[in-house]
Amino acid sequence: MSGPAPAQAATPGDSAQDPYDRLRHLPLGTHVALRHPSGRRLAGWLLPPDSLSSARVVKLKLPSGYNIGVRIEPGTTFEVLPGPPFGAEATDAAPGNGQGAPRPAEDPIAGTVALLTTGGTIASRIDYTTGGVHPVKEPGNLEALYPGITSGGPIHVRSVAEILSEDMTPAVWTRLAEEVVRELHRGVRGVVVAMGTDTLAYTAAALAFQLRDLTGPVVLVGAQRSIDRPSSDGVDNILGAVRVARQADLGEVVVVMHATPSDEQLAIHRGTRVRKMHSTRRDAFRTLNGRPLGMLVGEELRLESGHRPRGTGPARAEAGFSDAGELVWMYPGLSASTAEACATRARGIILAGTGMGHLAADHLPWIRRATERGVVVGMATQCLEGEVDPFVYSRGRELLQAGVAFLGDISPETAFVKLQWALARSTDPSVVRRLLVDDLCGEFGPARGLGTKKSAPDAGKEGIA
Amino acid sequence: MKAGLEIHQQLSTGKLFCDCPSELSDETQGTFVRRLHAVVGETGTQDQAARLQSGRGLRYRYEVSPNSCLVEADEEPPHGLNPKALGVVLTLSELLHAHVIDEVQIMRKTVVDGSNTSGFQRTALIAVDGEISVNGKRFTIPSICLEEDAARKVGDAPGEVQYRLDRLGIPLLEIATGPEISSGEEARDVAEALGALLRATRKVKRGLGTIREDLNVSIEGGARVEIKGVQELRAIPEFVENEVGRQTLLLELREKLRSHGASVPTTPPVDVSEVFRTTTSRGVKDALAKGGRVLALPLPGFSGLLGTSKTGPERLGRELADYARATGVGGILHSDELPAYGVTPQEVEAVRSRLGLGGKEQDAYVLVAAAAGPAERAIEAVRARAREALRGVPEETRDPVLEGRTRYSRPLPGRHRMYPETDIPPIPIDARLLQELHLHLPERPEETLARLTSKVGLAPDVARKLVREGEVEVFDRLVASGHPVPLVARLLTTELPALEAGLPAPIAESDEARVRLLEPVLQAIGSGRFAKEGLGRVLTLHFQERRDLDSAIAAAGLSALSAEELQGMAKKVVEANVGLLRERGASAFQPLMGDLMASVRGRRDGKEVAEVLRRAVQERLGALGGDGKSP
Chain U
0 MSGPAPAQAA TPGDSAQDPY DRLRHLPLGT HVALRHPSGR RLAGWLLPPD
50 SLSSARVVKL KLPSGYNIGV RIEPGTTFEV LPGPPFGAEA TDAAPGNGQG
100 APRPAEDPIA GTVALLTTGG TIASRIDYTT GGVHPVKEPG NLEALYPGIT
150 SGGPIHVRSV AEILSEDMTP AVWTRLAEEV VRELHRGVRG VVVAMGTDTL
200 AYTAAALAFQ LRDLTGPVVL VGAQRSIDRP SSDGVDNILG AVRVARQADL
250 GEVVVVMHAT PSDEQLAIHR GTRVRKMHST RRDAFRTLNG RPLGMLVGEE
300 LRLESGHRPR GTGPARAEAG FSDAGELVWM YPGLSASTAE ACATRARGII
350 LAGTGMGHLA ADHLPWIRRA TERGVVVGMA TQCLEGEVDP FVYSRGRELL
400 QAGVAFLGDI SPETAFVKLQ WALARSTDPS VVRRLLVDDL CGEFGPARGL
450 GTKKSAPDAG KEGIA
Chain W
3 MKAGLEIHQQ LSTGKLFCDC PSELSDETQG TFVRRLHAVV GETGTQDQAA
53 RLQSGRGLRY RYEVSPNSCL VEADEEPPHG LNPKALGVVL TLSELLHAHV
103 IDEVQIMRKT VVDGSNTSGF QRTALIAVDG EISVNGKRFT IPSICLEEDA
153 ARKVGDAPGE VQYRLDRLGI PLLEIATGPE ISSGEEARDV AEALGALLRA
203 TRKVKRGLGT IREDLNVSIE GGARVEIKGV QELRAIPEFV ENEVGRQTLL
253 LELREKLRSH GASVPTTPPV DVSEVFRTTT SRGVKDALAK GGRVLALPLP
303 GFSGLLGTSK TGPERLGREL ADYARATGVG GILHSDELPA YGVTPQEVEA
353 VRSRLGLGGK EQDAYVLVAA AAGPAERAIE AVRARAREAL RGVPEETRDP
403 VLEGRTRYSR PLPGRHRMYP ETDIPPIPID ARLLQELHLH LPERPEETLA
453 RLTSKVGLAP DVARKLVREG EVEVFDRLVA SGHPVPLVAR LLTTELPALE
503 AGLPAPIAES DEARVRLLEP VLQAIGSGRF AKEGLGRVLT LHFQERRDLD
553 SAIAAAGLSA LSAEELQGMA KKVVEANVGL LRERGASAFQ PLMGDLMASV
603 RGRRDGKEVA EVLRRAVQER LGALGGDGKS P
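So the protein sequences, as listed, match chains U and W.
Residue numbers for the first sequence follow the numbering used here, beginning at 0 and rising by one.
Residue numbers for the second sequence follow the numbering used here, beginning at 3 and rising by one.
Possibly wrong hints are sitting among the right ones.
As the list claims (entries may be wrong) - Mimicking SDA-like on lysine to any residue, the simulated pairs with C-alpha atoms at most 25 Å apart in a straight line are:
#, chain 1, residue 1, chain 2, residue 2
1, W, Lys4, U, Ser63
2, W, Lys155, U, Arg280
3, W, Lys86, W, Pro430
4, W, Lys230, U, Ser63
5, W, Lys139, U, Arg39
6, W, Lys155, U, Glu263
7, W, Lys155, U, Ser261
8, W, Lys4, U, Pro62
9, W, Lys230, U, Pro62
10, W, Lys467, W, Glu521
11, W, Lys230, U, Leu61
12, W, Lys86, U, Leu51
13, W, Lys155, U, Gln264
14, W, Lys139, W, Glu449
15, W, Lys4, U, Leu61
Source of the hints: derived by calculation from the structure; they are not laboratory data.
As the structure is a computational prediction, the values presented were derived from the model and not from experiment.
Using the sequences provided together with the hints, build the complete structure.
Right under this line is the structure:
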């Protein structure tokens with residue numbers, strides 16, 4: 000220490016004076032009484048600051064339970080009151096400290112369902128004192144959050160990631176596929192993957208393209224209302240997902256979520272055909288271009304014909320994704336040069352075209368140049384419902400001649416996930432293109448008219464180079 | 003005794019967290035079903051009232067109303083706080099000299115009885131430390147809150163409760179007073195004064211159920227008991243006095259229990275189902291037939307203190323029964339009222355001997371007959387309540403029932419049921435906005451009274467009635483558009499209240515809508531289409547029988563008497579009474595006026611009728627060569 004630096008001297012000096020700075024440095028939960036220069040007194044417990052609060056505002060929890068923000072004037076004084084800090088008297092009264100709930104013995108695999116958590120609120124607990132979110136790991140905690148979840152058999156919980164759904168990456172998709180295979184090899188009845196809903200449909204498609212010869216269902220599930228609300232849909236969703244994983248004769252990747260605003264009906268969607276179609280509603284997830292694979296109404300589980308039953312295994316993963324693909328939304332006024340910039344680095348591009356798979360004529364030259372270079376270009380419709388068709392209008396034919404692969408009725412997002420997966424399988428454009436147009440796991444719906452599937456004679460067969 | 007009030011007033015500003023209107027409706031656009039789960043709150047603790055509710059495993063069916071959207075269905079986050087509603091609360095805070103919070107935080111108050119689709123009620127503390135003077139006494143106002151009203155309960159089925167979404171989300175302004183109220187009458191007067199102040203903002207809803215009072219009552223040595231949702235001001239004194247009486251009784255009973263050496267055992271309840279194998283008591287028989295059990299809890303020293311229906315409306319036996327009912331069973335039987343209800347003296351003796359109470363006459367017991375689980379929960383609730391009896395008065399929430407009586411509904415909720423509404427950022431209250439509001443405060447009720455009596459010239463009781471009925475805004479607007487003051491006053495203080503007393507709901511809730519509906523009626527009088535004497539009849543036909551205004555006027559037989567027709571009728575009356583005219587001269591006017599009014603009442607204004615008749619009389623007298631003096 001070679002004497003106080005000027006800046007340092009100023010800061011502690013000021014903070015010793017300024018009641019706002021002094022308050023900010025007290026431990027959260029401290030019981031304090033604030034006295035405004037006008038003489039008004041307010042007592043309560045210090046809460047963490049809100050990032051959206053105005054300047055010089057501290058948050059207090061009042062004895063009535065209300066939180067308020069108090070602006071600290073330079074003349075405000077305060078005293079620290081005796082008594083336990085906020086929350087200290089309470090933490091152990093909470094259920095779900097691991098007591099009371101049956102704890103499964105080591106590896107009683109028969110009848111077990113694996114629950115892989117990734118950090119969405121559906122399998123997390125919120126700590127209001129710090130604002131932090133923690134994954135649920137203990138079966139006891141799980142039973143407290145979801146009473147009855149272990150009633151049908153043991154649950155084996157593993158945390159694969161602790162991220163928000165919007166932070167999901169292909170690297171996690173890869174890890175999830177490997178974890179699913181590991182759990183199925185251990186002999187679990189099925190696997191539930193709990194995550195946030197924003198990118199849940201992408202993850203569902205990503206797992207569907209990676210996983211083969213599934214011996215049980217892989218069920219993705221989330222909550223549109225966070226689990227800290229008494230009305231959360233997460234309770235029914237996760238109980239339903241566990242039931243499907245345990246009981247359904249399904250050997251594919253599905254999503255189980257509310258089918259209606261009511262808590263009584265859950266839909267089982269095929270992972271490659273589902274899309275989040277509403278930002279907030281419980282029934283946001285819908286199967287595009289068709290009906291869900293099945294329904295879970297109360298205790299009754301119904302599957303449509305056409306689902307893939309449990310396989311004999313062993314389950315395996317063709318895991319991993321390239322980052323050499325792009326997804327370009329074709330909108331009026333998009334310049335050809337901007338779009339082509341996406342193609343310079345890419346080995347594959349999904350175009351979300353208008354209507355039956357169209358775009359403006361000035362894009363044709365760069366698309367021709369790209370396909371000639373060996374870039375795989377696929378077309379899906381931004382209409383989301385219905386399929387692309389190159390034969391109805393001349394622009395479609397021009398695109399076909401430019402080398403664009405028309406991808407039926409799959410969503411742009413599913414097409415993009417499939418492209419990233421296919422690019423990781425091969426560097427040969429013809430192989431990538433074949434993977435893109437082939438029906439690998441039921442991602443294409445029944446044909447309704449002229450479509451690429453009819454010109455893809457090998458549809459349905461797997462064709463890994 | 004000490005009492006405090008909480009007043010909840012619905013605002014007419016539109017809903018609090020979405021853009022739906024505040025008006026209720028009976029149309030249903032489908033239903034949906036939900037369940038609610040108790041969650042762990044901010045402190046890591048579950049609220050005990052919340053846990054109790056969610057433990058009952060009910061499903062809730064919601065009827066979707068046209069004035070609801072995804073927010074009420076809990077399918078979309080709340081929109082921002084309604085600025086109009088906030089403005090009303092800030093205005094009221096200023097009127098009550100309260101300190102407005104610097105930065106408001108919306109909270110979630112856990113409510114899992116299904117009345118909120120989210121499982122919580124959104125509420126925010128807006129101001130603290132206000133005050134109001136009533137009858138020269140100062141009462142503190144510790145808090146002023148803004149919250150959302152709950153869904154309206156419309157039905158009950160086994161395992162299912164039905165609600166409508168139309169009321170959910172209507173802003174409720176909550177004013178709490180300190181515990182300084184010392185009598186039932188004072189409670190009513192404070193409620194009335196706060197009600198008048200609320201109406202002074204001119205942004206409140208009207209009609210039954212739009213203002214609800216919670217009464218917090220405790221007596222020396224008693225405990226805080228909250229009586230929820232009293233809807234009528236005049237019932238307040240009775241509720242307060244009955245609660246004082248109930249707490250007094252409980253304290254007396256505590257002394258008697260202590261002198262009897264009463265105690266509550268900790269041993270498990272005794273299964274006495276065997277005793278009732280062949281019983282003729284219907285409730286017990288039914289429970290056993292369904293595979294249930296009869297559980298008994300001995301209560302040493304309680305005998306004679308549980309009471310019977312002859313003891314009076316309040317008694318310990320009923321308190322025990324209410325706690326049992328809150329767990330879901332139909333009720334209890336206790337030894338003070340047995341043998342009765344089909345339970346025989348032999349069965350009573352058998353139960354006593356099973357419990358080892360033979361000969362111990364000071365010992366009582368309670369029976370619950372129900373399925374095993376519920377019976378056990380109910381008997382534990384009885385045990386807990388009996389323990390409280392040894393301590394005195396338990397803190398609790400009670401619901402009003404008939405005749406100023408109340409019934410236990412749930413424990414007082416604690417602060418653990420409050421946690422922040424994370425979907426809405428904190429709301430800073432701009433000091434400039436407050437200054438602005440302060441400069442434009444609405445007239446206080448006493449100022450309104452002074453203006454109406456001194457400037458407008460209304461009689462004091464008429465002015466008071468306008469203030470009390472919350473019709474000042476409507477009055478001012480109708481007078482401002484040129485209608486005569488006495489007519490508007492009569493409409494709003496006599497004719498309209500009489501009409502609305504007989505209607506299920508007011509003709510319209512908002513001041514704007516009332517003015518819109520009443521304006522044409524007054525215009526019809528102003529333009530001579532019917533006379534003010536026919537107002538009551540026209541209002542009834544128009545608003546109660548729902549005729550349009552023209553046909554209401556016609557049906558009242560009041561329409562279309564032209565000036566010429568009136569003159570003709572006046573002449574006829576005069577001609578028919580020429581003899582009288584000759585005899586009495588101008589003083590025959592009075593009887594003639596009576597005759598004429600009998601046939602034109604309500605069709606032309608009385609003054610005009612008098613004028614026309616006077617002229618006709620003078621003309622005829624002139625023709626007769628009479629004195630021509632004015633009557």
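Now for the hints, and whether the structure bears them out:
At roughly 19 Å between alpha-carbon atoms, Lys4(W) and Ser63(U) fall within 25 Å of each other, so this suggested pair holds. Our distance criterion of 25 Å between C-alpha atoms is met by Lys155(W) and Arg280(U), whose separation comes to about 24 Å. With a C-alpha separation of about 15 Å, the suggested pairing of Lys86(W) with Pro430(W) holds against the 25 Å cut-off. Of the supplied pair hints, the one linking Lys230(W) and Ser63(U) holds, its CA atoms being roughly 18 Å apart against a limit of 25 Å.
Proposed proximity of Lys139(W) and Arg39(U) is supported: the alpha carbons are some 22 Å apart, at most 25 Å. For the hint linking Lys155(W) to Glu263(U), the alpha-carbon distance of about 21 Å falls within 25 Å, and the restraint holds. Under the criterion of a C-alpha separation no larger than 25 Å, the hint pairing Lys155(W) with Ser261(U) is consistent with the structure, at around 18 Å. The straight-line distance between the Cα atoms of Lys4(W) and Pro62(U) is roughly 21 Å, inside the 25 Å bound, and the hint therefore holds.
At roughly 21 Å between alpha-carbon atoms, Lys230(W) and Pro62(U) fall within 25 Å of each other, so this suggested pair holds. The hinted pair formed by Lys467(W) and Glu521(W) meets the criterion: a straight-line CA distance of about 20 Å does not exceed 25 Å. The suggested pairing of Lys230(W) with Leu61(U) holds, with an alpha-carbon distance near 23 Å, which does not exceed 25 Å. Simply put, Lys86(W) and Leu51(U) have alpha-carbon atoms about 22 Å apart, close enough for the 25 Å limit, and the pair holds.
Pair hint Lys155(W) plus Gln264(U) holds up; C-alpha atoms about 24 Å apart against a cutoff of 25 Å. Taking the CA atoms of Lys139(W) and Glu449(W), the gap is about 19 Å. The hint holds against a cut of 25 Å. In summary, the hint linking Lys4(W) to Leu61(U) is supported, as the alpha carbons are separated by about 23 Å, within the 25 Å threshold.
Comparing the model with each earlier hint shows no violations; every hint is respected.
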